[in-house]
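Colleague: Position chain B relative to chain A; hints supplied.
2 protein chains.
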Amino acid sequence: MSHSPKKTYAMTIVDLILAGDLRATARLLRDIDDELPTARNILKKLYPHTGKAHVVGFTGSPGVGKSTLVDQLTTRYRQEGLTVGILAVDPTSPFSGGAILGDRIRMQRHFLDSGVFIRSLATRGHFGGLTRSTFDMINVLDAMGKDVILVETVGVGQDEVEIAHSAHTTVLVTVPGMGDEVQAIKAGIMEIGSIFVVNKADREGSRGTVRELRNLIELGLRHSEDASWLPPILETEGVKGRGIDELHLAIRRHKEYLFANDRGQLDEVLRKRARNQLIEALKDEALKTLLQRRQARGLSLDVLIRKIIAHESDPYSLVQEMLSEELQ
Amino acid sequence: MSHSPKKTYAMTIVDLILAGDLRATARLLRDIDDELPTARNILKKLYPHTGKAHVVGFTGSPGVGKSTLVDQLTTRYRQEGLTVGILAVDPTSPFSGGAILGDRIRMQRHFLDSGVFIRSLATRGHFGGLTRSTFDMINVLDAMGKDVILVETVGVGQDEVEIAHSAHTTVLVTVPGMGDEVQAIKAGIMEIGSIFVVNKADREGSRGTVRELRNLIELGLRHSEDASWLPPILETEGVKGRGIDELHLAIRRHKEYLFANDRGQLDEVLRKRARNQLIEALKDEALKTLLQRRQARGLSLDVLIRKIIAHESDPYSLVQEMLSEELQ
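Residue numbers (the numbering used here), protein chains in the order written: chain A, 1 to 328; chain B, 1 to 328.
Just so you know, the hints here were simulated from the structure itself, not pulled from any lab data. Incorrect hints may have been included.
Each computed SDA-like pair below joins lysine to any residue, with the alpha-carbon atoms no more than 20 Å apart [said to hold, decoys possible]:
id, chain 1, residue 1, chain 2, residue 2
1, A, K307, B, K255
2, B, K255, B, L270
3, A, K288, B, I279
Next comes chain A alone, as it looks inside the complex (with noise of 0.2 Å):
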């Protein structure tokens, strides 16, 4: 069995990815797409090389300009010589192969640089979950070394927030001018910010924009247990490059601050991320398990959606069924 020609395969393609190869990792990265049992395996040899790299989130509304951050960051960070891992999660975009042709339009500067590993991800209507998904590929980019993964994240939805703690810093993206944007942030995913950037700074209403923020966060850490780091807010024009060297000395003073001596910050930040992986994944993987079981024994999802719609069953009493029939 330790010589299967499978196993073989399954090695090489960790030392490569290992070593930095940009086609067995795209390889790899398709496979997780693509939902092989394979991709799991080499996953799992990739595990225990992960934990180096500094991951950090980029979340707003389309529009706010985050792509443009995390290009001019990028430019930053080769400058420095430390290498880059961008993973663009667009659920929005399920047309097949757009994603990726994104990618190269938005990226152009930085495609042909191979110290920087672009690719984005889309639903692509299958059952797993894009929060399990970005897990995945961040451990490989980490597995393979890069030194700063920057994530970003369409919208504002409960994916973007479970996508938020799969980042050891997130950066929360809005733009002057929009007043509800704000009561967004507000209500709910002003917690997972540990940065704020207003970009298109330029446009009226900035200051404005960061005295709201900055009243919001005052208020958030006046009911926060802890209060040892002070989000700062940041004026930035992406465009322009403007505020790009304040981003990126305000995301280097988050590390240090995640990574000081007293480790109490980490610890929790790396419990969340490990704590989400694992329920992501079971999640996807108990669905995946049960349909697939169902499937090999003939039974088809479609005769149990033919009894809801004509309510000669119920979603509720179907689902005990199955799950019945299932588990031990």
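Modeller: Chain B alone, transformed into the frame defined by chain A:
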């Protein structure tokens, strides 16, 4: 067993909800939120009474004015004598009570109208997915006899696309001058829109946004297998009530289209809804059941989380072990 106190309680609640009782409904929705097993039993009994309401989803970024449109439409429906259920799905609001307070402020003028039932859903850090709760709550409002159910979702993420599949008719809302927003719509959620709205149409660039959307829709229809419904694009000013009559009419037309003689479209919508509801419930219940069984045996997740953090094991192997222990 048929005369146990539990059953009597459940029957009473069911009868009360079917009769439109607000307190009983509010209680059930709270129990769904708290993921109480009794809620599932009531949902089972309510399910045969569902299928009569027209479910209309509203999706778009924070700040585009979805709540105002929903508020204005509610007034129109009430003038017609129709009863309305409103679900505001706000995954960015984890603060307990915050969402409900938001309702009161936003919907003041409908709050005392017994023909309108308003409820916010926010993620509460449980394992239960928001999509699943949304389906459950739609079923409750449907069973209690609401004629129209308006479901408002924040953002353009994966959850929002899934939640959109819980509606018969989906209204995509944007505002002028969000170029990248249109890009996001282009990239993915185009195909879920039955009706497109450019709100705050008094702002500069409204006509241009309409034009962009029209081009995208035409492009989409050319690639679509079915072009029997041409999604209208409406300009509205929610706060002034401009364009509300047209939106109200467009929603009614879409319903008439779905329920027309050739029921192919409706069947497709019903199939998607039933399938999503089944998959979401299965995913949630499988996870919950697996975790409960482990807990009952005194196995905590913390041990596994520590192993992942220490790189003593990896999430992939741990999930496989957990599943092989529990499945037959």
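Colleague: The structure should be examined with respect to each hint, and the outcome stated for every one.
Modeller: Here is what the structure says about each hint:
A hinted pair counts as satisfied when its Cα atoms are at most 20 Å apart, and K307 (chain A) with K255 (chain B) does not qualify at roughly 23 Å. Restraint check for K255 (chain B) and L270 (chain B): satisfied, since their Cα atoms lie roughly 13 Å apart, inside the 20 Å limit. A C-alpha spacing of about 10 Å is found between K288 (chain A) and I279 (chain B), which places the hinted pair at or below 20 Å, so the restraint holds.
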